[in-house]
Amino acid sequence: MSSRVFVTGLGIISSIGCNIKEVMEAIYAKKSGISEITILETNYKGKIPVCEVKKLNKELAELAGVSNLNKYTRTALLGIIAAKQAVAYAGIDNIKELRTGVISATSVGGMDRSENFYQSFYKDQNKGRLRDVVNHDCSDSTEKIADILGISEYITTISTACSSSANAIMLGARLIKNNFLDRVIVGGTDALTRFTLNGFNSLMILDATGCKPFDNKRNGLTIGEGAGFLVIESEKSLKISGKKVLAELTGYGNACDAFHQTASSPEGYGAYLAMKKAIEVSGKHITEIDYINAHGTGTANNDLTEGKAIEKIFNNSIPEVSSTKAYTGHTLAASGGIEAVLSVLAIKEKIIYPNLRFTEQINELSFSPTIELLQNKEVRNVLSNSFGFGGNNTSLVFSKY
Amino acid sequence: MKIFIKGIGSISPQNTIQNTLIDADIIQHHTEYLKCIEPVYKNYINPVSLRRMSRIVKMGVTAAQLCLKDANLTNTDAIITATGLGCIEDTENFLNSIIANEEKLLNPTPFIQSTHNTVGSQIAIILKCNNYNATHVHKGSSFESALMDALLLMKENEANNVLLGSSDEMTPNLFKITQRLNLWKKEPINHLKLSECKTKGSIAGEGAAFFALTNEANTSNYAVINALDVFYKPATNDAIDQRISLFLANNQLKTDEIDLVVYGINGDVKSDGIYNHLMESVFNKSTSTYYKHLCGEYHTSTSFAMWLSSIILKNQVVPNIIKLNNQPIKPINNILIYNHYLNKNHSLILLSKC
Chain B
523 MSSRVFVTGL
533 GIISSIGCNI
543 KEVMEAIYAK
553 KSGISEITIL
563 ETNYKGKIPV
573 CEVKKLNKEL
583 AELAGVSNLN
593 KYTRTALLGI
603 IAAKQAVAYA
613 GIDNIKELRT
623 GVISATSVGG
633 MDRSENFYQS
643 FYKDQNKGRL
653 RDVVNHDCSD
663 STEKIADILG
673 ISEYITTIST
683 ACSSSANAIM
693 LGARLIKNNF
703 LDRVIVGGTD
713 ALTRFTLNGF
723 NSLMILDATG
733 CKPFDNKRNG
743 LTIGEGAGFL
753 VIESEKSLKI
763 SGKKVLAELT
773 GYGNACDAFH
783 QTASSPEGYG
793 AYLAMKKAIE
803 VSGKHITEID
813 YINAHGTGTA
823 NNDLTEGKAI
833 EKIFNNSIPE
843 VSSTKAYTGH
853 TLAASGGIEA
863 VLSVLAIKEK
873 IIYPNLRFTE
883 QINELSFSPT
893 IELLQNKEVR
903 NVLSNSFGFG
913 GNNTSLVFSK
923 Y
Chain P
6 MKIFIKGIGS
16 ISPQNTIQNT
26 LIDADIIQHH
36 TEYLKCIEPV
46 YKNYINPVSL
56 RRMSRIVKMG
66 VTAAQLCLKD
76 ANLTNTDAII
86 TATGLGCIED
96 TENFLNSIIA
106 NEEKLLNPTP
116 FIQSTHNTVG
126 SQIAIILKCN
136 NYNATHVHKG
146 SSFESALMDA
156 LLLMKENEAN
166 NVLLGSSDEM
176 TPNLFKITQR
186 LNLWKKEPIN
196 HLKLSECKTK
206 GSIAGEGAAF
216 FALTNEANTS
226 NYAVINALDV
236 FYKPATNDAI
246 DQRISLFLAN
256 NQLKTDEIDL
266 VVYGINGDVK
276 SDGIYNHLME
286 SVFNKSTSTY
296 YKHLCGEYHT
306 STSFAMWLSS
316 IILKNQVVPN
326 IIKLNNQPIK
336 PINNILIYNH
346 YLNKNHSLIL
356 LSKC
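Line by line, the protein sequences are chains B and P. The working numbering puts the first residue of the first sequence at 523, with every later residue one more than the last. The working numbering puts the first residue of the second sequence at 6, with every later residue one more than the last.
Same shape as in the complex, but just chain P (with noise of 0.2 angstroms):
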């Protein structure tokens, strides 16, 4: 069984909500760590529903409405989705108010939803949507768990189609922690030139990304999802090595068949050695790309990659604020994107064009 992806849509430090990417759109942020760039919401979320969300939920909810209008779906067969920390305000609101009000007299409202699954059962109650429901949270491969029981349940004849997404919310607290977590690059930089940095810390981001997955051929899908794979703190790159040969094996392509790598490089010198080292050894005919200086680095910002290789695939065309190398752009059928978060969960993603 083919699974493709039939609607797309995107909140991020970018203008996506149209679904394009265009070089002479871009933004450059001149914050410490960068924005989703929000629509007007009530456009999209009934005013009294508006008032009690977040602003991820916010995100969440949009970005599926943007993904279902784009697919010309009004419902799903099931909604799976995925965060890394959750509704981030909303805990905080409520953290908050227990040591302000010392546990007395506290407003109920950001504790019910703080909940990881607030924006999949926001969406449910939209939609009115009873089927299967699932929220995945694990750190950097969030995501790619949600997709793995999308692509699960489609098989399972459980789904014909699948609204699939995530979200994560970045927050001025949360960057000071993870500042002195030192995740962040201490010095300023140009993120649109993250790729160049040499120094330890990336530069975060957040974003919301939704994808109507179905198993029916249609000449307006956007890709084919061929294979995904997630691998747990490889021993050494000769490990990921053999897992990429592996994982293209098993999918009967040869490596010059990838026609354009999709890299998770975040500026960090502590963790973009092995794509470095991919580009220039198994890889070194593909155009090389990146994207996390569009959006930031954050635990599921692999959705934000595929949506940028649906539109990639569909459309043809490489923006050039993605592009790493010069290779000749041929015609682009296999796209993989290859992703790692702090070395520890690693996934691999391979689309095709339909």
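One chain only, chain B, in its complex shape (with noise of 0.2 angstroms):
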């Protein structure tokens, strides 16, 4: 059994740049993802802003490098995209030398087409294009990402609402600690759609001037898209590959609320457990964590009850907190994975991020985030929190190494 997982290639796409080179450019220029909608059809358009990775599909095709068009959803482009990057980052030649999966993490799939299939099929059921339709499952991205990286050990896909790629994140870890594959690459892929911009609308949890996390008078989130993705590797792995590493994932805690569909408990109670699990795993003490990588989606209920969480963990020692969705939104089942490579290039730039559109601390809390970009700062551990419907919580930690 590995006792240890190493963090060895990353790769992003998201409404900030569709690498980590743009990406790094737009956090350290604080300039937000935040814009009007200009490429999804929705009635919405210039009404409700939104992150989204300003590409046409054929754009992305290209990024991704594949041709026919037909095959694939928006999320699965976006999907791989980011994996694509994490395996040349990795360095990674012969896929097949070593036992690899990919374990992805989606929330509604191919939705991005099957909505527009479901548009003439709703008017005559033998209307709509099969080939919109039938890559409508979640399954469907991640072997996609698996066809193209040429990998056929072990494939799975998670779908925990706005916690799937950190749940994939740990299931990778555990599959590997388990001595049940040598290397896995990790995270998640989420396209915007009318079905989700609608659903978080019919809530009235968008906030219709972009988001503010931890903010006094923040007011909703800010639905975004794009995918993120890390290779990780066992001691056994790296010592054949010979890879860098970037960070070692030490720990993971997932919990349920188990209190309501949609709301978080008052206390925020299954965010304190995942986080509390997770520290507990990494086996470091609360001191050591210099960062957390906040949920922090703008939405009351969240920013709120995570707040509370925390401050229940930390007592009066709250390490700096940020969330980094005022600058790529909520990417739903993505944000895990994106958030996830954030964290280990905040602990490798030695950065901490500015929680952007800040301006006042929520009265029910004892802390406001941080809202420089923090440079030269020895990062030793981060925690990062996603939090998702259903009361699915998981909080990962990603340490220096």
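Check each hint, because a few of them may be wrong.
[Said to hold, decoys possible] Chain B is nowhere near these chain P residues, computed Cβ spacing over 12 angstroms in every case: (1) 222; (2) 229; (3) 289; (4) 316; (5) 323.
[To be verified] Rough simulated footprint, nothing fancy, chain P against chain B, three-plus residues with beta-carbon under 8 angstroms: (6) 775-781; (7) 904-913.
Don't read these hints as lab results, they were simulated from the structure. Heads up, the beta-carbon is just placed ideally off N, CA and C, and yes, glycines get one too.
Join these two chains into a complex; the hints should help.
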């Protein structure tokens, strides 16, 4: 049993950039990805701000290196782009030399195309192009990623709403620790859809002016799209591959709030349990956690309850906390993957991300998020939170190696 | 460490809620697809929760309740669920309302209940269970992926018992779409004779099945879960043969020690070839059985096969309706479930007598 899990590759695509370089440039420039809708077909174009990747599917296909556009959903294209980057970053030449798996995550899978199918199907059940619906299920994007990377050893997909990719990363780590796999490509992908945009809009939790995580006047989230993937490896794998370690995945914790399908319990009990467990597994003391990359969606309910749970764990010594969702938006199932990539980059680049768009501390909380970009900061351990509908809460700890 | 099945619960197109499958009680459906025989839900779920639940959630939650009752448990160390397509009815309802209302003034309830983890989280809310909770959604290996997660969790000593289960629902719209994708037979058939069909396509089904897994030995347990293997897109039939040989060797078993094989035969000439090949070669001494004529084809149908295998191992009775050959029935110590979904997602589940 490998006792340790190392991160050796990273890949990301989001509204603030299509690769790590672009994303980091936006981070340093404090440039948010919040914008008007220009690509998604919806009546809310120009009305609700989102964090959209400003590339047509045709352009994404070029980035992904695929040609037959009919075969790919936007979700799959985003996933392929980020997963390929992660594998290239890790410098893997022969993917089959070690037992390698893909564990991905998505919330609505190929809905970006099936909702177009459904538009025609709704009027006439014999209408609608089948090629737009055949890739609907959640495993499609995972299998497309695996096929392109040439991976067949173990492939699966997790869907626990907005904590999906954190759970995919956790499962990948456990498969390595149990000596079932040597190396796993882990993360998640989600494209913007009318389905999710209207879903969150019907819940009245989309901020009409763009999200303001941890702000007293926060008024909802900003929905985004993207993908984030990591290559994680066992000690044995590392010896064979000789890859450079970017960080170690030391802790993970999964707990269920078991309170309500969408709302968190008043004290954020599930969030507290997930964070507590992740820190325990990491073997770190709370004083060694230098940064919390919060779930921080910008909804009244999440930020308050997550804040309460953070206070309960860290008492009076709360580390730097920020939500990077003011940059990337809430990318749903992809958020855990995107934020895991950012957490590792915080350690590597010795920076802590600013919580953009913040002005006023939440009345009921004792702390404010970090609002400046902190540089030359020794970041030993990052706690990354991902919480989802259904109370599915997962926290990860990434540590300096 | 041995992992046992302590309790089971199943809602399926057959009368399975008593955890029996009786030859005299087999139901022949005369509909386009096999629909579950559903219990009176208010006996299992409180009316306030029930009102908001779609059919798949009711089926999943009730199968979980039946399972916990059977296992004599009131709570669990983990809830791990699987679904191929999730909450289709609510997904359709929300899509319909987006179109009908032109994206305005939508009722959020179907959206809230449409996420794939709804069944798992509803069970957690009912049980007030704050423990590990995950949902696996990988088409034809969703249930196997959840089972893998459960086995890992118990081996890691993170759980002494796990509530594991799957649910998938069929709806008229989904049936129409998958029919257009040529997944189902075009001609009317007697689904109880599915294995005799020599045409393309299968028959659609649905179901929910749950298992209470425990690391505690007990004479009332159903079975031991010995091993699981999941593989993706094997290149040839030879590759499948080799994978099965390796799987058995890894578990110190010879082919003639597999007393009974449960095949995923679904009546589709394009996919049944491998099962017929195994039946006539490697496993020609074993009792051959199948199950999809009873529950239909769906992404998580192997959970029905595992439910069926559990009662066979415990009761040592093989219903005639599932038999494909006339091997004399010996004491059944080992059952192998082999299934594949559209030749992509393959799985082997090995269960043994306690």
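Can you give the numbers of the hints that this structure goes against, from lowest to highest?
none
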